[in-house]
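Residue numbers (our numbering), protein chains in the order written: chain A, 417 to 821; chain B, 11 to 488.
Please note that the accuracy of each hint is not assured.
[What the hints assert, rightly or not] List of simulated lysine to any residue pairs, SDA-like, C-alpha gap at most 25 Å:
no., chain 1, residue 1, chain 2, residue 2
1, A, 539, A, 781
2, A, 448, A, 699
3, A, 705, A, 718
4, B, 149, A, 790
5, A, 539, B, 311
6, B, 261, A, 605
Note that these hints are calculated values from the structure, not bench results.
Listed below are the residues making up each chain.
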Amino acid sequence: MLKAYLPDRRRIQRQVLDWIEERTGLVELLYKGLYEAVPKRGAWAYALGSATLVLILNQLITGIVLTTIYVPSTTEAWASLEYIKKHDEFAQIVRGMHLYGAYVLLFVIGMHMFRTFISGSYKRPRELNWVTGVLLLLLVLGMAITGAFLPWDTAAYWTAVVTTNIPSYTPVIGHAIRAIWRGGNFVGPMTLVRTYGLHIWVIPSMLFALIGAHLYLLRRHGEFGSHVNYRGSYRNPPDVVEDVAERPQRVEPPAVHRELEPPYPALPTDDLWAAPLEVEDFYPSQTFKDGLVSLVLMAVVFGLAISYGAPLEQLATPGTVTYTPVPEWFYLPLDQLLVLTPSYLISMVLWVPLAGVLLLLGLPFFDRDAERNPLERPAIVVPAMLILVFLLALTALGSGRLFNL
Amino acid sequence: MHLFLDVPLPAHSPDMGGLMGYRIAIGTIFTFHILLAGAVSGASQLGPFLEWLGWMRRRQSYERVARGLGRFLVYYFAFGSAAAILAISALLVGLWGHAWAEINRILWWPFYIEAWSFVMMVIGVYVWHYTWDALRRWKVLHMCIGGLLVIFSIVQVAMIDIVASYMLTPTPPKQPIGVWLNPTWYPLQIHTIIANLAYIAYLIGAFSAIRFLRAKTDEERSLYDWAGSLGIIWGTALTLLQPVVGYSYAKEIQLQAYGAWYKMMEGNLSLEFLAQITLLGLMLFAAALYFWMRLRRARARGRSLLGMLSVLLLLTTIFAALPYQFAFTLDQVQAAGLNRPFWEGGLINPFAAMIPYKILALTAYTVFGIAIIYIYLRGFRDVRWGQAGRGEQRALIFLGVAVMAMISLMGFIRENARFPDVIAGHVQEFHQKDVNQPNVQPAGSAGDSTRSATPAISIDPVRPSPSPGQETRPSRSP
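Working from the sequences, and respecting the hints, build out all of it.
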């Protein structure tokens, strides 16, 4: 009886939502975000992008927590981390999650880029997705290297010495860059403060701006997925040999153009803009996969943080002559090249990463072939695999130093 | 692990005389063995991969090449095994018994695992080859068998590389992990795996070229033309990795066995090193010529650029091949101290003195090499298989011969770098004597394990032996 006089909860909910929607448009945004079409096949591989975002958020949150304890000065930095290590178990786990989160993040970014490359997702009209992705990789690498300075233990000190020295090989302005970064001729308190500023303000601000751009572009063009979602191969195979008779031939359906289905605003006659053959909604199918992959990765990060914790060496001792600096694993290829190269040719080696970055940025602009199947575009895939194996071989060759072999 | 470490051994094996004869016999058989074993290892790794690629791409041509590799493995495995057993039983046990016993007791487990992985490889090869038709409907299962073959093959190569690397850079024999992960094992392992794959790829190219020239039908011509192209692409692409990996290997030798490095780079093996870098350049030049001819015949995009790169590669090869000194007149010969036969150091070519130029040459090889592969792959869609000419086939056959020469040369350099020791700093080749006192803890502590070999090695009649002061570590930081 009384119930009839009470306000309907759903009605109130709707009124509240309508009020918010009228003023912000958030509900529509959420709806568009959740019910967007994504390619159906190979969806687990597409979860790497969202996992990257989750791991970056992990870095943000754990980093903020660490700023409440860490003191960015050469006299206090190491002591504050030593305090964490000995007396603050929670902060030690957080620091471990920050460190191993960065490692896992770099690995996942690498996998994400590899997936994007193999699937040819960087091609028209998604060139700028790739470019922003490459810039994001550079920024994350920048975060990693600047973060390595901060503990101000022996490893951090020598990382600072070596890293700040690298720009000095740049013609004309090299020494000036080194002096500005170091705050003088030698690594010291100013170096730490400036690097701290780069690590927590400068690079993150650029990072989050680019993440926004990357996500915007992703939503604008939609997830490409891979060629298996589209109408067969774009070209006839070049070989004259016949197909394997035993394998049933796939019937190639005609191209499907869904002009009105966002986010695939297909131009009716252009294969490049064609929509996938099969799509599903981002929510709940893809969000489940994204969530699960992210959860597993975060569990790995947490497990590593609990099991190993973040290491801290002795306080920086600039005068030591016995210490052999060892780089982080993701810089091993470059380090191995430096080890192999005589000192008078080192400046030549330092152009290699620059050439690599230019090659990555330029990839969508010189590989404009419509073909997406990795097995049908050897001109790009074979040299790229060669470079990848080259990097892995350098990493393997240099990894002995990580374990003092 | 230490099963035989404390068994007393005779001071040295019986003096059978004729060191040169021993060396020639062992060198010849083992060169033959390396050439065969490298091809078998490469084929057992590349074959299953090509089968998978053919399945993925739905092209029977890959399947046919993979099956051909399977047939090659079946035919040559028995032959290669017989050569290996002959080499071990007749030559190593008979002529170098002391060294062989020492190696066995230190490296018992790697040998043991190697032997078992070899057995598993034999089983894998036969099952993989003979179930090809039977498992036609279960292709994935057949490819899994191929995958197991790849794993056994890699394990086998890894184990034998432990032995080979230990002989050059030994570590204290009572530390199992140190023995296994001795300083040069890691780079040697990577170097060997890539080399075996490149080697078999070039052999596929050369074999296809011969079959192409003998082909009677268009279908055969088409297949062998395509297979030759496949072989040269794989061979060249993988060879491009070798300068860096090989240089890493040499760097580790420099750090851990300076005497051997000095001998290779500045001593009487440096001429062979010069020959090696020249041969590498010639191989890349031949590959560029092949690519150029192939695209030119098809009037495909990029042929002019490939022609230009061929010339650049030839110029780079000439640059890489330049010796340290030129002596055009007798006076210059005498002034340079070269008026002696080459076996007395008359043609000494201090390779290490030219390292910056050689590195530049290797870098140019790599950059031009990647460029020729890219341009060829970009243009080869216009290539019609079966229309290649004799010139292309000659290039493929040259590459097949050159890669065999390269592998023999590399084996020669490595095995002679530690001369007169069989195990560096431990057992000498001549009369099978221990370098130190017999049955003293072999190779001693970590500190003397490798460097102790240096004084025993006669490095160079012209140049003085390297003093400890010359042993410089490379600069680590930029």
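Could you work out which earlier hints the structure fails to respect and list their numbers in ascending sequence?
Per hint list: single violation, 6.
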